[in-house]
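**Q** Chain by chain, the residues run as shown.
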Amino acid sequence: MDGIGALYVFVLAGVAGYVMIARVPSVLHLSLLSGANFVHGVVLCGAMLALARAESHAELAIGFVAVTLAAGNVVGGYLVTDRLLRLFERRAARSPRSARRGAGVAASSRTDSSSADDDA
Amino acid sequence: MNPSLPLVLELAWFVAALMLVFGLRRMSAPSRARSGLRLAAGGMTIAVATSLAHPDIGRNLLPMAFALVLGGGLAYLHARRPTTSAVAASIALYSGLGGGAAAAIATLSMLHVGERPEVLPALAVLGGLAGSISLAGSLTAALRLRRQSAGQRHFAQRQVAYLASGVSMLLLGVLLSASSAAHPVLVILFIALALTFGVLMVLPIAIADLPVAISIFNALSGLAVALDGQMLGNTLMLVAGTIVFAAGLLLTRLMARSANRPLGEIMYSGFGLATEERGEGHSAGDVSTIDAADAAVALAYARRVVIVPGYGMAISQAHHKLRELTQLLEERGVETGFAIHPVAGRMPGHMDVLLAEAGVPYERISDLAGINDQFPQVERVLLVGANDIVNPTARDDRDSPLHGLPVLDVDRSGGVIALKRGDGAGYSGVENPLFGAVGTRVLHGDARQSVQDLITALKELD
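As given, the protein sequences belong to chains C and A, one line each in that order.
For what it's worth, numbering that gives the first Met the number 0 labels the leading residue of the first sequence as 0, then goes sequentially.
For what it's worth, numbering that gives the first Met the number 0 labels the leading residue of the second sequence as 0, then goes sequentially.
FYI, nobody ran anything at the bench for these hints, they're computed from the structure.
No experiment lies behind these values; they were computed from the predicted model shown.
Each residue gets a CB set at the ideal place from its N, CA and C atoms; glycine is no exception.
Not everything, but these chain A residues come out facing chain C in the computed CB check (under 10 angstroms): (1) F65; (2) G72; (3) A74; (4) Y75.
If we strip away everything but chain C, and leave its shape as in the complex, we get:
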């Protein structure tokens, strides 16, 4: 891709990412952080290609490290996010009404900035 095209993609994807999670309730901060962490695991694609293209021993070593780390990112990122969201689901299951409330809260602006218990 040429530089200007990439710039368009970079800026537009950036705006999309920003808009996407504006107004997220603070209970979801940690699981969303974890989810984003999983998503950047796509670096695995690049790491696999880099390792496949490696020729010297040094390149092979660096590529090997890249694939190992990226695979860890993908698997670990998924498991941690899943565990976080499962906790969340269990909590919601105990009182189904609060789960629905939670969804409503996400859409309202009332709670987007501060969580209730952070203040005096």
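Given the coordinates of chain C, assemble chain A onto it according to the supplied hints.
**A** Chain A in isolation, oriented as in the chain C frame:
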């Protein structure tokens, strides 16, 4: 785009990118979060499977398989252990791994400068920089979270070391970006400097603020992945990385705002602190929780219950429900009362106005001076979205930012039930060891809903 790449592969990557992006989007709403993760996981599977079908894949298959099994397997063994309290540390770890992978890819590209003239060397330099800082910073943060005793580290000339590594790293980066030939020694030096810089960045940050720092490093990992994506001509990585970068920046701001701390203060305040170490004891990760039914029983069989409302009661408009709860308790013979701290809520008198609106009799409301010495006789304290005004470190810890604030001594009561909306992972600006104390049970959820649950549970007792 790489013209030699079959259209099918490009299309598959495109679909994978969409699934990752929309998966992340779904994760920002509580009710759909898990389906969002599954969607993203599907995208990831397609992305990786497509990469395996890439025409360039064919060599070094054995080391690749070994690396996949090694990295994935270790992460699986590590992440499946149910240590919920260490979640923040785990996120930091895996986020750092992603940054490290991106840095390694960028390093390979830096070693091959000049071979692919269409690739801007600066992309690799920036990718290596962001990835290395994220790797070192995240791992340092994870280690510090693991060992809660490891407080802020201050060593002599830390500012000098920080500035020196930062400036030399930037100069070297500019040099490498401008250079048209590969300089392996300089590249290694550059990466080493970036790693050092990442460690130095994290050391002075307070433990309670580390989740915010982790979020920054997560965004940096995203940026590194995006830069690598552009460098490799992989639009999937460019898009996914950029989305994570932007979302991560916003998330960082939101988290800093929930913690009521300006970002600059979080990142740099430690540099100005005195040289002695400040032990950061409690992490909110190890709170004991209670469900509404058990909490209702604890309240119903107490002789005296004191309710301490905070801003959380105001924000969730729980005061009418609280009045109903106290009436139910009194019908069961429980003596109830409210204790109002002078700075509870956002303005003086905030709590009084709300309780009056709910019809709580004036004589049931006590102020700080009126009730503080009675807490040892109180069997149960119900905190409703209150935090700083009951933080015992304000009384006991000279180094606490709250030190000197008069607080309600609820920790001296028979037991505390805290209605808290936070998910217990330690986001509050100032740590509150009360929530991790032996006598404290936390009932998570929106205050009004939790009070309603308590009312329902109380009614079911009969």
